[in-house]
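A.B. asks: Protein chains in written order, with our numbering: chain V, 1 to 439; chain X, 1 to 404.
Simulated from the structure, these hints should not be mistaken for lab results.
One thing to keep in mind: the hints can contain errors.
Unchecked claim - Only pairs whose alpha carbons sit at most 16 Å apart, straight line, appear in this in silico EDC-like list of lysine to aspartate or glutamate: (1) 88/X x 52/X; (2) 88/X x 239/X; (3) 161/X x 187/X; (4) 389/V x 267/X; (5) 389/V x 236/X; (6) 52/V x 265/V; (7) 88/X x 128/X; (8) 161/V x 115/V; (9) 281/X x 265/V.
Unchecked claim - Sample of chain V residues facing chain X (criterion: CB under 8 Å; computed from the structure): (10) 19; (11) 22; (12) 138; (13) 306; (14) 309; (15) 325; (16) 332; (17) 392.
The beta carbon of each residue, even a glycine, is placed where N, CA and C say it ideally should be.
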Amino acid sequence: MFSYYLKLAWKSILRNPVLSSLMVLALGLGIGAFMTTYTVYYLMSGDPIPHKSDVLYALQLDNWDPNSPPTESQRDVQPQITYRDAEYLMHADTPATRQAAMYRTSVTVQPESADEPPFDGTTRATYHTFFTMFDVPFLYGEPWRMTEDDGRERVVVLSRKMNDQLFAGENSLGRNVRMNDALFRVVGVLDDWQVTPRFYQVDGGNVFADAEDFYIPMSTGVEMVIQPHGNVNCWLAPEGGGLDAFLRSECVWIQFWAELSTPEEAVAYKAFLDNFVRSQKEIGRYPRPLNTFISPVMEWMAINEVVSTDNRVLVRVAFLFLLVCILNTVGLLLAKFLGKGPEVALRRAMGASKNAVFSQNLVEVCSIGVMGGVVGILLAWMGLQLIDKLYRGYQNLVHLDGAMLSAALLVAVLSSIVAGIYPVWRVARLAPAGYLKTQ
Amino acid sequence: MEIRPILSAMSRNKIGALLIALQIALTLSIVTNAAFIVNQRSDFVARPTGLDDANTFIAITTNFDSNIDAKQLLLDDLDHINAIPGVKAAITSHSIPVSGSGNGMTYQLAKDTPSNEAVSFGNFSVDENGLEAFDLDLVAGRNFRPEEITWRTLESNDDTKVVLISQALADALFPDGDALGKMIWEDESSEAPTEIIGIYDHMQNAWPDSSNVNLTSLQPFRDLSGPDHYFIVRTEPGERNRIMTQVEEYLAQNRGRMVHVVRSFEEQKGRTYASDIAMIKLLSGVVVILTIVTSLGIVGLAWFSVTQRRKQIGTRRALGATRFDIMRYFMVENWLITSMGLAIGIVGALSLNWFLDTEYQIGRMPLYYLPLGLVLLWVLGQVAVFAPARRAANIPPALATRSV
């Protein structure tokens, strides 16, 4: 029966090719626009590390200017902490399962062969705990150890992409890479790894960009004066010149994360931080009221407004656009189905029930919906290419995954049913007699 | 005239008319709000930077060879680039205007001014060619003298003794307009104040989104505190691209450094404003496609209703209606439906704007967008219905005499 209805639907669609393609195109445009903006929204607002996002916490310590306006919410507190506090916490005996301090930077990579020009390598300077804490997969080797952090050793972990580029994808453990005029020994190569958004650093750069290509110990980065490329905020100028004054200063530029496996651990860690800040108040630091915050990943994404307002506006506008397209399709379907009066009347007269006429026309509507969906997916794919071109660093936000593809088809069929249900119902209710008389 | 019969015909197909009216209403809501956002962003992007945008380019290098004499190299670079025919001025600065990343600072009137009363702004390090390279005009005072230019390193970052500030910064610090010659302080730890020796017309800071975008200063030093150097080169009109290539080749000759970026200032501006430009293009696209979809919808429905009414039209023609009468019937019908939709659309447009403003702070849409939208959609409706109406007018009266 279904295949017979399909055949009928196809015949009817071909009978008015202009009208039918208009409907398919209108639905396709609406779905394409909506899916384009919604895909970006979906990827922007996604959970970057689903299995662990509720045990990973970002830290905020309010070491800021006493003259600044009072802290009303977490948003008023700096998202980064000072180097001195980060170093203290990394070496203190805290209740946390793991902690990692880090900053974003870049190095000049000097390839071995003199013909190849040096290039800029995106780099994260951090502690060995980074990899275990964020479940970063290794292809070769493993994270460096605490001894290498403490010894400020020149070791490096490469992204898979960079290992492909520098060592043609071979196991490069133990080999050297020359960066900033120093030799770094490769201790690990990551497998493919991309978290979107790159939750561990939300400010001072593109949150949706690729993960870094080089990972070095933070101690080594600081010793070699590899300067941070993210935001450096100071409310008080460092006292005196030189690197040491900067490291001792109240300037914030380190992102700090803790893994707190249980709620009890989180409570204990927060108390630990509060005590630390109180002890610092005694030596004249932290002139503001006590404001320490720990926020799990998704909360942190919300506080830092990772999803852009522009994108939210675009999703709303695209949804209204889809509504217009659906209204358009309803109108066209209505016109078309009312024109089917004589044919429907004939079918009814030959014994087809109202239900049969209803389902038969519903099949036609759904076929238009599926075609609209396919056109929509095609347009959404093109739309995402356009988004990638228009924005910078959106390359990780323009992929239609399985979930989005099925969602697109679902939206298409649902839209077509919403658009078609009234016309289909109207035409099934037509009294056959009136039409038959005129024939 | 013939409005009554039109209304009575419409009442037999209420849903059809309502669908078009709703479509028109939504279209008006979207088009006015989208146009509002597009205009807003265009104005935002078009604000003058203060620079000679079309004839300026930037280059970023990073020294990595530890044997490099960074100071000498920088001096050689500046001499070399400044000597290229067609170069108006080349400088290095530790910040680039409108680049999204730069050096933010504060000035205050006295050493002990509370920090919340300090004025924050964007700072640029320059030498005596700074005004020429950034294309700034002095409103008052004088330029830096070559002997006032100092070197800043990681170890020595003393406050500068003299400074040039933008008119906007001068007004923020000294609302009475007597900024020239005044002494100001960077913060309470400063050892000595800085003298305002000149005021220039206008330059934007590095952050176009910031509320203090027009508050800037030029300080007389060359920065050696990091391995990166930002060159800003202004050329004679039309010479930019040629000199850009030449400078890139020159900079790359030294194998102890890496040349990251050589790009025109216009391109840099485009990158900084990428999301605003994207918004302008996407929403303009929505407006265009939406008007096309809506007009195609009108064409489709009108076409169909003409087909359905062929017999009535033939009858009317046979009873003496002219072609013009038939056309007028469809045009007036469309006008009525459109007007109905626009009435709903005015409410829709204002509600959508209210929603977007409350949720996303896009601002209140000025009311003149509504009449513009109304006229656009009236015209659109009439244009869309023209072809089906003409088809209707061409139906021969003889049709009435045939059956079916």
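A.B. asks: A separate judgement is required for each hint: does it hold in the structure or not?
C.D. replies: Hint-by-hint comparison with the structure:
Restraint check for residue 88/X and residue 52/X: satisfied, since their Cα atoms lie roughly 11 Å apart, inside the 16 Å limit. Proximity of residue 88/X to residue 239/X is assessed by CA-CA distance (about 10 Å); at most 16 Å being required, the pair is judged to hold. For the hint linking residue 161/X to residue 187/X, the alpha-carbon distance of about 14 Å falls within 16 Å, and the restraint holds. Restraint check: the Cα-Cα separation between residue 389/V and residue 267/X comes to about 14 Å, which is no more than 16 Å; the hinted pair holds.
At most 16 Å may separate the alpha-carbon atoms for a hinted pair to count; residue 389/V and residue 236/X exceed this at roughly 31 Å. Restraint check for residue 52/V and residue 265/V: the C-alpha separation of about 15 Å stays at or below 16 Å, so the hint holds. With a C-alpha separation of about 13 Å, the suggested pairing of residue 88/X with residue 128/X holds against the 16 Å cut-off. At most 16 Å may separate the alpha-carbon atoms for a hinted pair to count; residue 161/V and residue 115/V exceed this at roughly 21 Å.
Among the hinted pairs, residue 281/X with residue 265/V is inconsistent with the structure: their alpha-carbon atoms are about 49 Å apart, more than 16 Å. Hint status for residue 19/V: holds, given a least beta-carbon distance of 6 Å to chain X, under 8 Å. A hinted interface residue such as residue 22/V counts as satisfied when its beta carbon comes closer than 8 Å to some beta carbon of chain X; here the least separation is about 5 Å, so the hint holds. With a least beta-carbon distance of about 28 Å to chain X, the hint placing residue 138/V at the interface is violated under the 8 Å criterion.
Interface restraint check: residue 306/V against chain X, minimum CB-CB distance 14 Å, threshold 8 Å, status violated. The interface hint given for residue 309/V holds, since its Cβ lies 5 Å from the closest Cβ of chain X, which is under the 8 Å cut-off. For residue 325/V, the interface hint holds, the least distance from its beta-carbon to any beta-carbon of chain X being 6 Å, beneath 8 Å. Residue-level restraint check for residue 332/V holds (minimum Cβ-Cβ distance to chain X is 5 Å; threshold 8 Å).
The beta carbon of residue 392/V is positioned within 8 Å of a beta carbon in chain X (closest approach about 5 Å), and the interface hint is therefore held.
Hints 5, 8, 9, 12, 13, counting from the list given before, are not met by this structure.
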